[in-house]
Amino acid sequence: MPVARPESSDSRVIAHVDMDCFYVQVEQRKQPSLRGQPAAVVQYNSWQGGGLIAVSYEARKFGVKRSMRGDEAKEVCPEIHLVQVPVARGKADLNSYRNAGSEVVAILSRRGRCERASIDEVYLDLTIAAEAMLADNPPECLETISEEAVKSHVLGLEVVGTDPRENVRHWLTRSDASHRDKLLACGALIVAELRLQVLEETEFTCSAGIAHNKMLAKLASGMNKPAQQTLVPFSSISKLLETLPIKKMKQLGGKLGTSLQIDLGVNTVGDLLQFSEEKLQEYYGINTG
DNA sequence: CATGGCTTGAAT
DNA sequence: ATTCAAGC
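Going by the working numbering, the first residue of the first sequence is number 40, and it counts up by one from there.
Certain hints may be false.
[Said to hold, decoys possible] Straight-line distance between alpha carbons at most 25 Å, and here's what the computed SDA-like set of lysine to any residue pairs gives:
(1) Lys-289 with Arg-51
(2) Lys-69 with Glu-205
(3) Lys-69 with Arg-51
(4) Lys-278 with Glu-239
(5) Lys-100 with Asp-57
Treat the hints as calculated values from the structure; they're not laboratory data.
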């Protein structure tokens, strides 16, 4: 029984939404004086200041990283505000973050099916909504495109003029686009709206990727952070994968990815595509292969 | 002891 | 059912 089947439709519109340093944002909303400050959320602060589990972008500029101890963070960034995660029965209690995530899900699920992928990540299937928009209000007929949507990053779109937003506006609204690209453009408009609603109603920022499947959407959401969105046109996919380190792919970040590199010399998805399914199954068995 | 603890999904 | 890998 094959494990990974091709998707039944290759023109779905999928978005992956990822909250920016989410635990920090939750604490900043609770304590607004922390906004705009270098800050981090820490668990168990008794041993070397505790372990960082979320770091604000202001703190990242100083080189503060997740999995540093609180004491190390203070060394590189003496001004940093360390917030302790709540503790219940001796354990870190993430429930307030889980609940904050639910607020976001409630908003994101307004335009399509919504799948919670983790405490701070969500996949959206916007296919139906995008098709509907394309049918009765295609982007090329819109006189105004939202300011947020026009700030989208479009993979493979060359920057020519001075204002990249003009490139995006043109890409989103060009009438000679393929059907798939038009669907993605609609998806990007919808996601821009949703992200704005999330900000207005929860005060949280997030980043998003818009693509034809979950893998690419997830990949894209991490490319431009924080508070930005990235679109993956069909035509950009092959070039993207050719040079993509396999370690960046979900499922291949661990031992299997390491084995691919060391045992088979596979470093990029492009390399991996040189191998036939049969060859991979010889090495890894019928299922893993 | 020193990222910890937890969840999810796949393999067996 | 149990174990293991992966990622948050």
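Item to check | Holds or violated: Lys-69 to Glu-205, with C-alpha atoms at most 25 Å apart | outcome: violated, 38 Å
> Can the restraint linking Lys-100 and Asp-57 be considered satisfied, given a maximum Cα separation of 25 Å?
Replying inline: holds, 20 Å
**Asked** Given the hinted pair Lys-289 and Arg-51, is their alpha-carbon gap at most 25 Å?
**Response** Measuring from Cα to Cα gives roughly 20 Å; hence the hint holds.
Subject >> Hinted pair Lys-278 and Glu-239, Cα distance within 25 Å >> reply: violated, 37 Å
| Are the Cα atoms of Lys-69 and Arg-51 separated by 25 Å or less? | violated, 38 Å
Of the numbered hints stated above, those contradicted by the structure are hints 2, 3 and 4, listed in ascending order.
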